[in-house]
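Here the protein sequences come in this chain order: A and B.
If you read the first sequence in this note's numbering, its first letter stands for residue 1, the second for the next number, and so on.
If you read the second sequence in this note's numbering, its first letter stands for residue 407, the second for the next number, and so on.
A couple of the hints might just be wrong.
As the list claims (entries may be wrong) - Anything over 12 Å on all C-beta distances counts as not near chain A; from chain B, calculated:
(1) S456
(2) G549
(3) R589
(4) E680
(5) G744
(6) A745
Unchecked claim - Pulled a few chain A residues facing chain B out of the computed Cβ check, cut under 8 Å:
(7) G43
(8) T49
(9) F86
(10) H206
(11) V284
(12) G323
(13) Y344
Because the hints were derived from the structure by calculation, they are not lab data.
Don't be surprised by glycine CBs; every beta carbon is placed ideally from N, CA and C.
There are 2 protein chains.
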Amino acid sequence: MRADPERLRFEITARDGAARAGRLHLGAGPVETPAFIPLATRGTVRSLTSSEVAELGYEMVLGNTFHLLLSPGPDRIAALGGLRRFMGWRGAIITDSGGFQVFSLAHGNVADEIKGRRRRSAGAGAVLEIGEDGVRFRSYVDGSERFLGPEDSMAIQAALGSDIALAFDECTPYHADRDYTARSVERTHRWLDRCLAWHERAGPRHQAVFGIVQGGVHEDLRRQSAERVSAAPVDGLAIGGTLGRDKDEMRGVVGMTVGQLDAGVPRHLLGIGEPDDLVEGIAVGVDLFDCAVPTRLARHAMALAPLPDARFRFDLRRAKFAGDQAPLVEGCPCATCGAHTRAYIHYLSGAEEMTGVRLLAVHNLAYLERLVHGAREAIRAGRFAGYRERVLGGAPPWRALTEYGR
Amino acid sequence: MRADPERLRFEITARDGAARAGRLHLGAGPVETPAFIPLATRGTVRSLTSSEVAELGYEMVLGNTFHLLLSPGPDRIAALGGLRRFMGWRGAIITDSGGFQVFSLAHGNVADEIKGRRRRSAGAGAVLEIGEDGVRFRSYVDGSERFLGPEDSMAIQAALGSDIALAFDECTPYHADRDYTARSVERTHRWLDRCLAWHERAGPRHQAVFGIVQGGVHEDLRRQSAERVSAAPVDGLAIGGTLGRDKDEMRGVVGMTVGQLDAGVPRHLLGIGEPDDLVEGIAVGVDLFDCAVPTRLARHAMALAPLPDARFRFDLRRAKFAGDQAPLVEGCPCATCGAHTRAYIHYLSGAEEMTGVRLLAVHNLAYLERLVHGAREAIRAGRFAGYRERVLGGAPPWRALTEYGR
Numbered sequence: 001m002r003a004d005p006e007r008l009r010f011e012i013t014a015r016d017g018a019a020r021a022g023r024l025h026l027g028a029g030p031v032e033t034p035a036f037i038p039l040a041t042r043g044t045v046r047s048l049t050s051s052e053v054a055e056l057g058y059e060m061v062l063g064n065t066f067h068l069l070l071s072p073g074p075d076r077i078a079a080l081g082g083l084r085r086f087m088g089w090r091g092a093i094i095t096d097s098g099g100f101q102v103f104s105l106a107h108g109n110v111a112d113e114i115k116g117r118r119r120r121s122a123g124a125g126a127v128l129e130i131g132e133d134g135v136r137f138r139s140y141v142d143g144s145e146r147f148l149g150p151e152d153s154m155a156i157q158a159a160l161g162s163d164i165a166l167a168f169d170e171c172t173p174y175h176a177d178r179d180y181t182a183r184s185v186e187r188t189h190r191w192l193d194r195c196l197a198w199h200e201r202a203g204p205r206h207q208a209v210f211g212i213v214q215g216g217v218h219e220d221l222r223r224q225s226a227e228r229v230s231a232a233p234v235d236g237l238a239i240g241g242t243l244g245r246d247k248d249e250m251r252g253v254v255g256m257t258v259g260q261l262d263a264g265v266p267r268h269l270l271g272i273g274e275p276d277d278l279v280e281g282i283a284v285g286v287d288l289f290d291c292a293v294p295t296r297l298a299r300h301a302m303a304l305a306p307l308p309d310a311r312f313r314f315d316l317r318r319a320k321f322a323g324d325q326a327p328l329v330e331g332c333p334c335a336t337c338g339a340h341t342r343a344y345i346h347y348l349s350g351a352e353e354m355t356g357v358r359l360l361a362v363h364n365l366a367y368l369e370r371l372v373h374g375a376r377e378a379i380r381a382g383r384f385a386g387y388r389e390r391v392l393g394g395a396p397p398w399r400a401l402t403e404y405g406r
Numbered sequence: 407m408r409a410d411p412e413r414l415r416f417e418i419t420a421r422d423g424a425a426r427a428g429r430l431h432l433g434a435g436p437v438e439t440p441a442f443i444p445l446a447t448r449g450t451v452r453s454l455t456s457s458e459v460a461e462l463g464y465e466m467v468l469g470n471t472f473h474l475l476l477s478p479g480p481d482r483i484a485a486l487g488g489l490r491r492f493m494g495w496r497g498a499i500i501t502d503s504g505g506f507q508v509f510s511l512a513h514g515n516v517a518d519e520i521k522g523r524r525r526r527s528a529g530a531g532a533v534l535e536i537g538e539d540g541v542r543f544r545s546y547v548d549g550s551e552r553f554l555g556p557e558d559s560m561a562i563q564a565a566l567g568s569d570i571a572l573a574f575d576e577c578t579p580y581h582a583d584r585d586y587t588a589r590s591v592e593r594t595h596r597w598l599d600r601c602l603a604w605h606e607r608a609g610p611r612h613q614a615v616f617g618i619v620q621g622g623v624h625e626d627l628r629r630q631s632a633e634r635v636s637a638a639p640v641d642g643l644a645i646g647g648t649l650g651r652d653k654d655e656m657r658g659v660v661g662m663t664v665g666q667l668d669a670g671v672p673r674h675l676l677g678i679g680e681p682d683d684l685v686e687g688i689a690v691g692v693d694l695f696d697c698a699v700p701t702r703l704a705r706h707a708m709a710l711a712p713l714p715d716a717r718f719r720f721d722l723r724r725a726k727f728a729g730d731q732a733p734l735v736e737g738c739p740c741a742t743c744g745a746h747t748r749a750y751i752h753y754l755s756g757a758e759e760m761t762g763v764r765l766l767a768v769h770n771l772a773y774l775e776r777l778v779h780g781a782r783e784a785i786r787a788g789r790f791a792g793y794r795e796r797v798l799g800g801a802p803p804w805r806a807l808t809e810y811g812r
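In isolation and in its complexed conformation, chain A is listed as follows (with noise of 0.2 Å):
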């Protein structure tokens, strides 16, 4: 642990069972956590404005190392005076370490392998060799050959100037068998120490790093990195990789993992965001949560709902919605559902008018930022068990705080 208040103090100011909310302080400002993160992956949350995605609520959003490296570049952004100044956004930002990107190029979609599921995405670029210095590989952009190891990785977030920068790791596939992933771990580990001494080095003085546990859905490898990350001079904890093949898996795997990290730091569960993920992870105790799910949603034509038989979601495709006079959810505040009906949604969904994908996106970054707000305060309240089952059971976030079930 090293959490330097110079780069970043997390202050808990409330518990209620693992449950914690608190304050992240960062130099562009405070982070209420738990918090969700909405991905600005290429300099822009998918569809809307800077000063939308603050006017949500949000305070913090993560832009990503391998997709900002190949288009614009970290020095065009450095030069435009960083991420944040390039996006004009003003809140804060996390940034992560393209370790991700670059081995779902290995591996397959990462993000699929995840959750289980084998699936080669083609034609996004290619590895040409995984070395113990990083990864050669093929830009999707230019077709250009690229390397991306731990020191270019912090040397790119660096130039981004982001508040909280991610240690570059390798991210281990579902399919991955225990050794292939003990091995990768290991790697991990000694590329997070390159990490943190190239940031010791030459890092931005108020740039926190968080280090990042593997270890896949074996325990003991968990727990061997959990040690392994929290004995480094981090200033958080972020835990990726496979988390199991269905949700009961990685709901083990993370409260094991959990339950490993030391209480004193910000812990971040990596591209975790939907609704009962989002509660189930706040429970065991983790505060911050990024997920592409609510934009991604939105280009899809699907919003969500507080329908935990239909994974919190439904798609607006759907011919039943044609003459639907009823906002997306009833009684949710967003702007979008004050304005618009699943009709117009509907219609806009079906003649692909990128309307439909903004009023989407709005509604389910919305949706969100309202679950996480209602956690927050139900663990103030010390009621976090019942807003945890309410919104598991079907409320929706602005009535399970309160109301529900009265």
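Given the structure of chain A, go ahead and fit chain B onto it with the hints provided.
Frame of chain A; chain B shown alone:
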């Protein structure tokens, strides 16, 4: 002239030469003129929400009968409370008759034809038969056979519930010869009578109807058409069809045609909206304009700017903008220019992120709103000639009225 005050009341509040400023009173509220009307062709101003369009200062949008007929259909929109309610728009709506689109299928892209360029659009559907009763064509949505004629167009516009309906007309292309144009204008006049008869019998009581003056580039035909349409019981006059090979010819045709129109009713120049065309049209007494320019340019990464030698636009994709920290236009009061750089929009355009389209749509629509706003102020102050000259000379709209040239 009918100019029924129950449907529409047009108040001219100031004149300056041939230019006039006024107010259109419609069921949905007032519209200050001269006004630019953004296209909501398919029930959305592309990439924007209805509330954003209102925040930009717009009081009226234009919906399209042809596209909304094919999807989601007038019955659906009527069942959902009309087009205003369907799209969550609080302002006024004018609907195009569908004539322009359906004749584009027959004649090639009439938008190009208006400018004298001959080009056929492929795959956009096909005209099966043009007759005295209307046009039989194949839907680009589902391949079904459809029919649109004067009564159908009025019935659809009645179902959409627009504040102003346009009479069904043939929009003759530039390459049509004088004989074809003369016969076409006659039929357009017969269609106007049929539209008015249908509307008198079955149209919404509060919906105004504008007649359309055709005649191509032929002065005698335009004159005959202006007389004939002015004599009909219409609430306003629109100028449609081809206006010439270039801007000089267009200005001649518009000036001559406007000179023939009754001074007491609103005059709408259809499909025209480049900055110089707006000030030139206003100068000869046009009150309303609609055009795809601001939103279409946005989709092609183009920004409106005070650049008279470059058609008042520039292309953000050009490499020289990659590191440009200036806003799109220095001093522009729009939300995009207040928060974002050319470099960011250049990057978003190259990355094909829809946020880039939106940021440009906001700027381009704000630009034209400022331009007509300035024109209204200038007319009221008796200073329109100087305003026009300064806009044409390269003054930004927000400075052309008072500060420029001091």
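Check each numbered hint against the structure and report the violated ones by number, ascending.
Violated hints: 1, 5, 6, 10 and 11; rest satisfied.
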